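S.K.: So the protein lines, in turn, are chains A and B. Our numbering puts the first residue of the first sequence at 1, with every later residue one more than the last. Our numbering puts the first residue of the second sequence at 1001, with every later residue one more than the last.
The set of hints was computed from the structure by calculation and includes no laboratory data. Any given hint might turn out to be false.
[What the hints assert, rightly or not] Pulled from the structure, derived: some chain A residues nowhere near chain B, Cβ distances all over 12 Å: (1) Leu31; (2) Pro78; (3) Phe130; (4) Ile163; (5) Phe183.
[As the list claims (entries may be wrong)] What the simulated footprint calls covered on chain A by chain B, stretch by stretch (three residues with Cβ under 8 Å from a Cβ of chain B suffice, anywhere in the stretch; the number is not a length): (6) 37-51; (7) 147-155.
If you're wondering where the values come from, they're calculated on a predicted model, not measured in any experiment. Backbone N, C-alpha and C fix where the C-beta goes; we use that ideal spot for every residue, glycine too.
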Amino acid sequence: MKTHEVLIEPGRSERHYWRDLWRNRELLYILSMRDVSVRYKQTALGAAWGLIRPLTTMLIMVFVFSKIAKLPPDPGIPYPLMVLGGITVWTFFSTSFTQISTSVTLNSNLVTKVYFPRLIMPISSIAVSFLDFLVSLGLFIILAIWYQFVPDWHLLLLPAFIILALLGSFAFGLFFAVVNVKFRDIGQLIPFIVQVGFYACPIAYSSRLVADKGDEWWTPFYWANPMVGIIDGFRWALLGEKAYFNLQSLLLSVVIVGVCLFLSIYFFRKRENTFVDDI
Amino acid sequence: MSVITVENISKQYIIDHQKGKGSNTLRDVLAENWRQFFGGKKDGNTPTREEFWALRDVSFSIEQGDRVGIVGHNGAGKSTLLKILSKIIEPTSGSVRIRGRVASLLEVGTGFHPELTGRENIFLNGSLLGMSRGEIREQFDAIVAFAGVEKFLDTPVKRYSSGMYVRLGFAISAHLNPEILIVDEVLAVGDAEFQKKSLGKMRDNAANGRTILFVSHNLTAVQALCNKTLYFEKGQLIEQGETNQVIASYLSKVSKTRLLRQWDTPEEAPGNDLVRVKRIELIPDYQDDLTHIDVRTPMKFRFEFWNMMDRANLNLSMHLNSMTGECIFNVGTRSQPYGKGLIAGECTIPGFFLNDGSYTISIMIVKDTVTPLYVMEEGITFDVEDYREGIAWYGKWPGYVRPQFPFEMGMLEPASLE
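Turn these sequences into a full structure, and let the hints steer you where they fit.
M.R.: Right, here's the structure in full:
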């Protein structure tokens, strides 16, 4: 039998961390399934909630922003479709982000009792939001059929934007997950960030409205938000050429997400061995 | 071949003693950094910090197939050591080298989710403990049978009784197949019969050449399972070696035993103007070269006190109390008239009477059978250790006392063979 040898020393990162992570993929799967099957336990409507939430949010936004505020959609695109596209990707990002941020503290009973690569917790926490995302996407397809809207070849790029949104949620979520272990302030901060993001990102409106404003003092801040490029891109892939798309802002998003992701993982790896002392 | 080599392991914790606020919030840290940024030095109100060594310079090695017991008081560093070996916490300094697959059992039913069914939780807990899904599936029926929860497999564990919950948790871990098994105090839970079954299962594991590290407060279980024992105190390894030897020295060190108290002159003796206690003593009648009191040991309680009254009807009653303060029994002398002088008496507590545990003896001197003159609380403190013979069960023996009354059983009417 092959002997499995481990050396434990202070400050020593596991040499085979990523291999360990791969070996623990079954645990990853089981923790994901746990979250999914627990999600709608003891609810009368069950998984229907995954449908009800995006649908009602969309209806309210259509009512408030389209009927009352009379915000224009991108030309040639029905407003509800544009909003639902935005809600779908934003909800995916924001729930993943929230769940990643709280994943370590929610699993504190495991952290103090068993060893496994700690990255399993944030990774497994996204299963629930991904399922919700698929439901919401299904709703979008139904709505698109209703409006007899036919997507074009851009749809092929959709997976790339889904992955980008996911990486974005890791890039920011992992950092907060680590900080949350020591400072529970994060639990208060995150709903606030999500709420602000909902308005700061092009969900109820199109980035075209911002682009048309030209150069105001605040527009650079708008474009610096990495989620703007991702949401615009996602909508562009779903709705085709008529939707607003800005390659420059997308590239900026990719760079920001890439750098933040690298730093976040580094930070997480650096701190994960001390989680149990702080939790 | 040594499978675990521990070299100079230490674990330090910094304890913040903060004034007013209990927790460390982001605001405190930001405010502190802000002050340092502008003021250049920390202000005087910073929390006082205290270093605490949960483990200090611990070294030992464990050979393959050893069953090692770890004993010590609460806070001696036993659990910290197990957590370091399980890679859950990182040592502050030192190193550990482990050869072989480790499974740690620090809790029964780790990760059990109350909403999930027994079946789902078996897979969840099993994979947390390092089993693959294939292994779990292979062992599934054995686990369920061991726990005896066949009927409730598809019931959420929140509806389980606490006994079922514990049984299921232990059953999963009992079917782990690691080369090194680390177990922390899990036998403390569950009913007596299940404890016996669990210990039996662990012994089977040990028989298969598995290395076991076992922390327990139950010294009988340690003695039954382990061939070697480590004794920790205040984060340091005090003694290691053969189980019986280490446990004997552990017992001699930890007991707060105080068998004798005496005062030479009435001036310094406790009491009042009427009576003063000169001496109280518990004398164990050790048999078979024993050096500690166990359930077999007969004892004599002796007392002497000064009576300063010319003539009084006196008696003395002795209360034997458990550590939690309940009176196990109360016996008294006959009330008799005494003049001034030193009065002495003796009471015998037979062997095979007290259950294992810690006890105190209080005395009360009474006048005219109704008026207490003086009460001395907890004059004597002693421990009674467990001892069993020919019994394969190691749970806590129930009851306040543990007498051996004549008790016979026999076949009344053999069934006729057909």
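S.K.: Which hint numbers does the structure go against, in order from smallest to largest?
M.R.: 1, 5, 7
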